[in-house]
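J.: Given the sequences, and given the hints that come with them, work out the whole structure.
Here the protein sequences come in this chain order: B, Y, F, U, X and S. Counting from 179, one number per residue, gives the positions in the first sequence under this note's numbering. Counting from 179, one number per residue, gives the positions in the second sequence under this note's numbering. Counting from 179, one number per residue, gives the positions in the third sequence under this note's numbering. Counting from 179, one number per residue, gives the positions in the fourth sequence under this note's numbering. Counting from 179, one number per residue, gives the positions in the fifth sequence under this note's numbering. Counting from 179, one number per residue, gives the positions in the sixth sequence under this note's numbering.
Everything labelled a hint here was simulated from the structure, so no lab data went into it. Honestly, I wouldn't trust all of these hints.
Which copy is meant is left open, because identical chains are indistinguishable; a pair holds if it fits in one copy or across any two.
[What the hints assert, rightly or not] Here are the simulated lysine-lysine pairs, BS3-like style, with alpha carbons at most 30 Å apart:
1) 295 to 224
2) 206 to 309
3) 367 to 247
4) 367 to 210
5) 309 to 210
6) 224 to 367
Predicted model only: the values in this text are computed from it and were never measured.
There are 6 protein chains.
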Amino acid sequence: MPQPDHISKLGVPDPTTLDDDLQVIWQKCVDKLGFVPNVFSAYSLKPQRLRHFMAMYNEIMLADSGLSKLEREMVAVVVSSANRCYYCLVAHGAAVRSLSGDPELGEMMALNYRVAKLDRRQRAMLDYAWKLTTTPWLTDDADRMLLREVGLTEHDIFDLSETVAFFNLSNRMASATDMMPNREYHRTKR
Amino acid sequence: MPQPDHISKLGVPDPTTLDDDLQVIWQKCVDKLGFVPNVFSAYSLKPQRLRHFMAMYNEIMLADSGLSKLEREMVAVVVSSANRCYYCLVAHGAAVRSLSGDPELGEMMALNYRVAKLDRRQRAMLDYAWKLTTTPWLTDDADRMLLREVGLTEHDIFDLSETVAFFNLSNRMASATDMMPNREYHRTKR
Amino acid sequence: MPQPDHISKLGVPDPTTLDDDLQVIWQKCVDKLGFVPNVFSAYSLKPQRLRHFMAMYNEIMLADSGLSKLEREMVAVVVSSANRCYYCLVAHGAAVRSLSGDPELGEMMALNYRVAKLDRRQRAMLDYAWKLTTTPWLTDDADRMLLREVGLTEHDIFDLSETVAFFNLSNRMASATDMMPNREYHRTKR
Amino acid sequence: MPQPDHISKLGVPDPTTLDDDLQVIWQKCVDKLGFVPNVFSAYSLKPQRLRHFMAMYNEIMLADSGLSKLEREMVAVVVSSANRCYYCLVAHGAAVRSLSGDPELGEMMALNYRVAKLDRRQRAMLDYAWKLTTTPWLTDDADRMLLREVGLTEHDIFDLSETVAFFNLSNRMASATDMMPNREYHRTKR
Amino acid sequence: MPQPDHISKLGVPDPTTLDDDLQVIWQKCVDKLGFVPNVFSAYSLKPQRLRHFMAMYNEIMLADSGLSKLEREMVAVVVSSANRCYYCLVAHGAAVRSLSGDPELGEMMALNYRVAKLDRRQRAMLDYAWKLTTTPWLTDDADRMLLREVGLTEHDIFDLSETVAFFNLSNRMASATDMMPNREYHRTKR
Amino acid sequence: MPQPDHISKLGVPDPTTLDDDLQVIWQKCVDKLGFVPNVFSAYSLKPQRLRHFMAMYNEIMLADSGLSKLEREMVAVVVSSANRCYYCLVAHGAAVRSLSGDPELGEMMALNYRVAKLDRRQRAMLDYAWKLTTTPWLTDDADRMLLREVGLTEHDIFDLSETVAFFNLSNRMASATDMMPNREYHRTKR
Numbered sequence: 179m180p181q182p183d184h185i186s187k188l189g190v191p192d193p194t195t196l197d198d199d200l201q202v203i204w205q206k207c208v209d210k211l212g213f214v215p216n217v218f219s220a221y222s223l224k225p226q227r228l229r230h231f232m233a234m235y236n237e238i239m240l241a242d243s244g245l246s247k248l249e250r251e252m253v254a255v256v257v258s259s260a261n262r263c264y265y266c267l268v269a270h271g272a273a274v275r276s277l278s279g280d281p282e283l284g285e286m287m288a289l290n291y292r293v294a295k296l297d298r299r300q301r302a303m304l305d306y307a308w309k310l311t312t313t314p315w316l317t318d319d320a321d322r323m324l325l326r327e328v329g330l331t332e333h334d335i336f337d338l339s340e341t342v343a344f345f346n347l348s349n350r351m352a353s354a355t356d357m358m359p360n361r362e363y364h365r366t367k368r
Numbered sequence: 179m180p181q182p183d184h185i186s187k188l189g190v191p192d193p194t195t196l197d198d199d200l201q202v203i204w205q206k207c208v209d210k211l212g213f214v215p216n217v218f219s220a221y222s223l224k225p226q227r228l229r230h231f232m233a234m235y236n237e238i239m240l241a242d243s244g245l246s247k248l249e250r251e252m253v254a255v256v257v258s259s260a261n262r263c264y265y266c267l268v269a270h271g272a273a274v275r276s277l278s279g280d281p282e283l284g285e286m287m288a289l290n291y292r293v294a295k296l297d298r299r300q301r302a303m304l305d306y307a308w309k310l311t312t313t314p315w316l317t318d319d320a321d322r323m324l325l326r327e328v329g330l331t332e333h334d335i336f337d338l339s340e341t342v343a344f345f346n347l348s349n350r351m352a353s354a355t356d357m358m359p360n361r362e363y364h365r366t367k368r
Numbered sequence: 179m180p181q182p183d184h185i186s187k188l189g190v191p192d193p194t195t196l197d198d199d200l201q202v203i204w205q206k207c208v209d210k211l212g213f214v215p216n217v218f219s220a221y222s223l224k225p226q227r228l229r230h231f232m233a234m235y236n237e238i239m240l241a242d243s244g245l246s247k248l249e250r251e252m253v254a255v256v257v258s259s260a261n262r263c264y265y266c267l268v269a270h271g272a273a274v275r276s277l278s279g280d281p282e283l284g285e286m287m288a289l290n291y292r293v294a295k296l297d298r299r300q301r302a303m304l305d306y307a308w309k310l311t312t313t314p315w316l317t318d319d320a321d322r323m324l325l326r327e328v329g330l331t332e333h334d335i336f337d338l339s340e341t342v343a344f345f346n347l348s349n350r351m352a353s354a355t356d357m358m359p360n361r362e363y364h365r366t367k368r
Numbered sequence: 179m180p181q182p183d184h185i186s187k188l189g190v191p192d193p194t195t196l197d198d199d200l201q202v203i204w205q206k207c208v209d210k211l212g213f214v215p216n217v218f219s220a221y222s223l224k225p226q227r228l229r230h231f232m233a234m235y236n237e238i239m240l241a242d243s244g245l246s247k248l249e250r251e252m253v254a255v256v257v258s259s260a261n262r263c264y265y266c267l268v269a270h271g272a273a274v275r276s277l278s279g280d281p282e283l284g285e286m287m288a289l290n291y292r293v294a295k296l297d298r299r300q301r302a303m304l305d306y307a308w309k310l311t312t313t314p315w316l317t318d319d320a321d322r323m324l325l326r327e328v329g330l331t332e333h334d335i336f337d338l339s340e341t342v343a344f345f346n347l348s349n350r351m352a353s354a355t356d357m358m359p360n361r362e363y364h365r366t367k368r
Numbered sequence: 179m180p181q182p183d184h185i186s187k188l189g190v191p192d193p194t195t196l197d198d199d200l201q202v203i204w205q206k207c208v209d210k211l212g213f214v215p216n217v218f219s220a221y222s223l224k225p226q227r228l229r230h231f232m233a234m235y236n237e238i239m240l241a242d243s244g245l246s247k248l249e250r251e252m253v254a255v256v257v258s259s260a261n262r263c264y265y266c267l268v269a270h271g272a273a274v275r276s277l278s279g280d281p282e283l284g285e286m287m288a289l290n291y292r293v294a295k296l297d298r299r300q301r302a303m304l305d306y307a308w309k310l311t312t313t314p315w316l317t318d319d320a321d322r323m324l325l326r327e328v329g330l331t332e333h334d335i336f337d338l339s340e341t342v343a344f345f346n347l348s349n350r351m352a353s354a355t356d357m358m359p360n361r362e363y364h365r366t367k368r
Numbered sequence: 179m180p181q182p183d184h185i186s187k188l189g190v191p192d193p194t195t196l197d198d199d200l201q202v203i204w205q206k207c208v209d210k211l212g213f214v215p216n217v218f219s220a221y222s223l224k225p226q227r228l229r230h231f232m233a234m235y236n237e238i239m240l241a242d243s244g245l246s247k248l249e250r251e252m253v254a255v256v257v258s259s260a261n262r263c264y265y266c267l268v269a270h271g272a273a274v275r276s277l278s279g280d281p282e283l284g285e286m287m288a289l290n291y292r293v294a295k296l297d298r299r300q301r302a303m304l305d306y307a308w309k310l311t312t313t314p315w316l317t318d319d320a321d322r323m324l325l326r327e328v329g330l331t332e333h334d335i336f337d338l339s340e341t342v343a344f345f346n347l348s349n350r351m352a353s354a355t356d357m358m359p360n361r362e363y364h365r366t367k368r
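T.: See below:
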C-alpha cells in the first residue's frame with residue numbers, strides 16, 4: 179500500500195497563486211534544496227502566518243548563537259522525539275546527519291538520545307530539552323544552574339529554551355495538519 | 179514571606195537601553211495598559227527574538243479569524259492549564275475575564291475547563307486544545323472531522339491549531355525563565 | 179453563555195426540611211460568612227454523612243496543630259491543584275488569600291506552587307503533599323525523614339498527612355457531584 | 179529476613195494510656211475479631227482524629243445503602259489497588275473473601291479487577307471507582323448517566339462516590355505512616 | 179457470581195491430542211504438582227511455541243545463577259505487579275510463599291514491594307526490575323553500576339535482566355489470552 | 179565525538195571461544211548478512227540462553243503464520259517504538275525497509291505508526307501491539323473481538339500476541355545491556 183502523498187490534511191493552495199515574496203522564496207528553496215519544504219506549503223494556507231513562522235524559524239535556527247547549528251538541530255530532533263512528530267523527526271533528523279556527517283547520530287537523536295556518546299554540555303542540553311518539553315512545570319532554578327555549570331551563558335540558556343519552545347510549536351502544527359515530509363529527506367546523508 | 183519580584187531568572191535589560199522601536203512599544207503599553215507586560219521585558223534580553231514573538235503573537239491573537247478573540251484567549255488558558263504555566267494562566271486568565279465579563283469563566287478555564295457550561299463548538303475546540311497539547315502524536319483525522327462537524331472551516335482549524343501551538347511555545351519560555359506576571363493582572367475584572 | 183447554577187448534579191434537598199441541628203449550622207454560616215458553603219448543601223443529601231464530614235473537617239482544619247491554619251489551607255489548595263478540583267481550588271484558594279493577605283500566594287498554590295517563594299519547611303510540606311496525592315505508593319522513610327529535618331514532629335507529620343488525605347477525599351466528592359462553589363469565593367480578598 | 183513488625187512509622191501510643199471510650203472499642207475488637215486492627219492503633223496517636231475516622235468509616239461501610247457490604251468492600255479494594263496500598267489491600271481483600279466466600283474474588287479485586295466475572299452493574303461501579311481515583315478531574319455527566327443506566331439511584335451514586343473518596347483518604351494515611359496490616363488478615367478465608 | 183472457568187480466551191486443545199513429548203510433561207506436572215499449569219495448556223494451542231517457552235523458562239528460573247530461585251520468583255512477581263498480570267501474580271506469588279516460607283513476603287511482592295524489609299542487594303534488584311519494566315528506555319550505566327555496588331557480577335546482571343525481560347513476555351501472553359491461573363495456587367502456603 | 183563502539187555494556191566473549199554450534203551460526207550469519215548481529219554477540223555471554231533466544235526468535239519471526247513476515251517486522255518495530263529501544267528500532271526498521279521495499283514505511287513504524295497508510299487489518303494489529311505493550315492490564319475481550327472482525331483467526335491472534343510479547347522481552351535485554359546495533363543496518367535499503 180503506497181504511503182500518503184498529501185502535504186497537509188487542511189489542504190495546500192496552488193503555489194502559483196501565492197504573493198510574489200513567497201514565490202521568490204519557493205524558487206530559492208528549489209534552487210538550493212531541490213524542493214520546497216512541505217512545512218512551507220502547508221503553512222501557505224495562511225500566508226501572513228507563514229511569514230512570521232519563517233522569520234522566527236530563521237532567527238532561532240540560523241542566527242548567531244552560543245549553540246552551534248548542529249546543536250540546535252539535535253535539540254529540535256530530541257523535542258520531536260518526545261512529541262513523536264513524524265514530519266520534524268524526518269526533516270530535522272536529515273539536518274543532523276548533514277551537519278554532523280554522522281548518520282548514526284541522527285538516528286540516536288530521533289530514537290533515544292540517551293544512547294548517544296555526548297560531552298557533558300550536550301547531554302545536559304538534551305536532558306533539559308526533554309524535561310522542558312514533557313514536564314515544563316517542573317523546570318526550576320536547579321535546571322538552569324546545571325546548564326550554567328556546563329558552560330552555558332544566560333543568552334545560551336535563552337537560545338536553548340526558545341529552540342525547545344519553537345519545536346513544541348512546530349511539532350503541534352505538523353501533528354494538527356498530519357503534515358508529510360518531502361521524500362527527499364529520507365535519503366539525505368545515509 | 180513576600181512573593182517573587184523578579185521578572186525573569188535570566189535577567190532583564192534596562193529598558194532605556196532598548197532600540198527606539200521597542201521603546202515606542204513600551205510607551206504604547208504604558209499608555210494603554212498602564213504597564214509593560216513582563217513577557218516583553220523578559221524577551222527583550224534578545225530584542226530580535228522579541229520582535230518575531232510579538233509579530234506572531236499579534237497575528238494569532240488579534241488578526242481576523244473564525245475564532246473570536248475571547249475564544250482564542252480561552253484556548254490560551256486551557257493550553258496553559260495543561261502545562262501548569264503560572265505566567266500565562268494569570269495574564270490570559272485576566273484576558274478571559276475582561277473579554278467575557280464573566281470572572282468565573284476565567285477561573286474555570288484555568289482550573290478545569292470541563293466544568294464550564296459551553297456550547298458544543300467551544301467544548302470541541304477546548305478538548306482539541308487539551309489533546310494537541312498533551313498527546314499531539316494521537317491527533318488524527320477523527321479529531322479534525324469532529325471540529326468540522328461543529329462548524330469549523332479548514333482555516334478555523336488552522337487558526338485553532340496555531341493558537342494551541344503558540345501557547346505551547348510561550349508556556350515553555352515562561353517556565354524556562356520562571357517568568358513572573360505583572361501584579362496588575364491579578365485584580366483585573368474580578 | 180451563563181455559567182452553571184447547580185450546586186450538585188445529584189441534587190440538593192430543600193434546606194427547610196433538614197434536621198434542626200443542621201438548620202442551626204446553616205444559620206451560623208449565613209451569620210458568619212453570608213452564605214452556606216455549597217459543599218454542605220451538596221452533602222446534605224445524606225445528613226448523617228454530612229455530620230461526619232463536618233466533624234472531621236473541623237478537627238483537621240481548625241484544631242490546634244503544629245501547622246498553622248494558613249499552612250493547612252496551602253496544603254488543601256496544592257492537593258486540589260494536583261487533582262484539578264474546581265470547587266476546592268476556588269473555596270480554599272479564597273481561604274489562602276484571606277489568611278495570608280497575599281492574593282498572589284493563593285494563585286500560586288492553585289496554579290503551580292513551585293513558583294512561590296517559600297521557606298524550606300513549607301516547600302517540603304507542599305512537595306510531600308503533591309507526592310502523597312499523585313503517587314502515594316512511593317512515599318517512604320526518606321520522605322518522612324525530610325519532613326523531620328525541616329522541623330516537623332511526628333504529630334505534625336500526622337496532621338500534614340491527614341490534611342492531604344482529607345482533601346483527596348473531598349476533591350473526589352466534589353468531582354463526583356460536579357459541585358459548584360458559591361460565587362462569593364471568587365471576589366474574596368482579590 | 180523477617181518482615182516488618184512495626185504498626186506505624188510515626189509510632190503508636192501504649193493502648194493502656196488511651197481514654198476509656200477507646201479502650202472499650204479496643205476490647206470489642208479483641209472480642210469480635212481477636213485483635214485490634216492496626217489502623218486504629220496507628221490513628222490512636224491522635225485520639226480525636228481516630229474518633230472521627232471510625233465514625234465516618236462505620237457510616238460508609240456499615241450503614242444501610244443500596245450497595246451491599248460486599249460491594250462496598252470490592253470498591254475499597256479496587257481503589258486500594260489503583261493506589262497500591264498494602265495495608266488496605268490486605269485488610270479489605272480479607273473482607274471480600276469473608277463476605278463473598280470466594281477467595282479468588284478477593285485476589286481479582288486486589289490484582290486486576292478487570293479479569294473478574296461481574297454483572298454490568300458491579301463492573302460499572304468498579305470502572306467508576308478506578309476513574310474517580312486515578313483521574314477525578316475527568317469525571318462528568320456521562321459517568322453518572324452510565325451508573326444510572328445500570329440501576330444506581332442518586333443516593334447510590336453518592337454512597338459509591340463517598341466509598342471511593344474515603345479509601346483515597348485511608349490509602350494515603352496508610353502510605354504516609356507505612357502502616358502494616360495485622361498478620362491475621364493474611365490467613366482469613368483462604 | 180462464580181468466577182471464570184476458562185483457561186485461555188483463545189481456546190485450549192484437548193490434551194489427549196497433544197504430541198507424546200508434551201503428554202509426558204503433562205503427566206510429570208500432575209505427578210509433581212497435582213495439576214498442569216494453565217500457562218502450558220494455553221500455550222499448547224501452538225505446541226512448538228510451547229516447547230520454546232518451556233525451554234527458556236526452565237533455563238531462566240531453574241538453572242544455576244548468582245540469583246537464588248526465591249530471588250528470581252520475587253523479581254517475577256514485582257514485574258507482574260507493575261504489569262498488573264493476574265495469572266503471573268497468582269502463580270508466582272504462590273512460588274514466593276513456597277520458597278520463602280513467608281506468606282507475607284508473597285503478598286508484599288504482589289501488592290507493593292517497597293513495604294518489604296529487604297537487604298540492599300534485594301531492594302536494588304527489585305528497583306531495577308520495576309524500572310526496566312516500566313521505563314526501559316531510561317536504563318543506563320548508573321543503574322548497572324548500582325547493581326555492581328551491591329555485589330552483582332556481570333553474569334548476575336544478565337540473569338536479572340533476562341528474568342525481568344521474560345516476565346514482560348509472559349505477562350503479555352497472559353493478558354492477551356485472559357489466562358486464568360489454576361485454583362490450587364490460591365491456597366498454596368497461606 | 180564518535181558514536182559508541184561497544185556491543186554490550188556487560189561485555190562480549192571472544193567468538194573464537196564459543197561452542198562449535200554457535201561458531202557455525204556465526205559463520206552462517208557472515209555468509210548471509212555479512213556480519214553477526216550484535217544481539218547474538220551480546221547474548222553469547224551466556225550461550226545456553228542464546229540458544230533458547232534464537233530458537234524462540236526463529237519460530238516467531240520465520241515460521242508459517244497468518245501474519246506475513248513483513249507484518250511481524252512491523253509489529254516488532256511498533257513495540258520497539260513504544261519502548262524507545264534503539265537496537266531493535268535500527269535492526270528491525272531495516273527489516274521493514276527490506277521486506278516492503280518502502281523506506282518510508284520503516285520510518286513511520288519507528289517514529290509514529292499512526293501516520294502510515296494501512297488497511298484496517300494492519301492498523302488494528304498495530305493498535306493492539308501498542309496497547310498490549312503499554313497497558314497490558316487493559317487488554318480484554320473487546321480487543322480480541324476487534325482483531326477477529328478484521329479477519330484474524332485465534333492462531334493469528336496468538337502469533338500476533340507472542341510477537342508483541344517477544345519484543346517486550348528483547349527490547350528490555352537491549353536496554354539492559356545498552357546494546358548497540360551493527361552499523362550495517364543504518365544503510366540498508368535507504
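J.: All hints, please: hold or fail.
T.: For each hint, the structure was consulted:
1. Within a single copy, residue 295 and residue 224 get their C-alpha atoms only as close as 41 Å, which misses the 30 Å cut-off; across copies the closest is 27 Å, which meets it.
2. Taking CA atoms no more than 30 Å apart as the test, residue 206 paired with residue 309 passes in neither setting, with 36 Å inside one copy and 36 Å between copies.
3. Taking the shortest Cα distances, residue 367 and residue 247 sit within 30 Å of each other both inside one copy (17 Å) and across copies (29 Å).
4. Taking the shortest Cα distances, residue 367 and residue 210 sit within 30 Å of each other both inside one copy (16 Å) and across copies (26 Å).
5. When the C-alpha separation of residue 309 and residue 210 is checked against a cutoff of 30 Å, the pair qualifies neither within a copy, at 35 Å, nor between copies, at 37 Å.
6. In this assembly of identical chains, the alpha carbons of residue 224 and residue 367 never lie at most 30 Å apart, being 32 Å within a copy and 34 Å across copies at closest.
The earlier numbered hints that this structure contradicts are 2, 5, 6.
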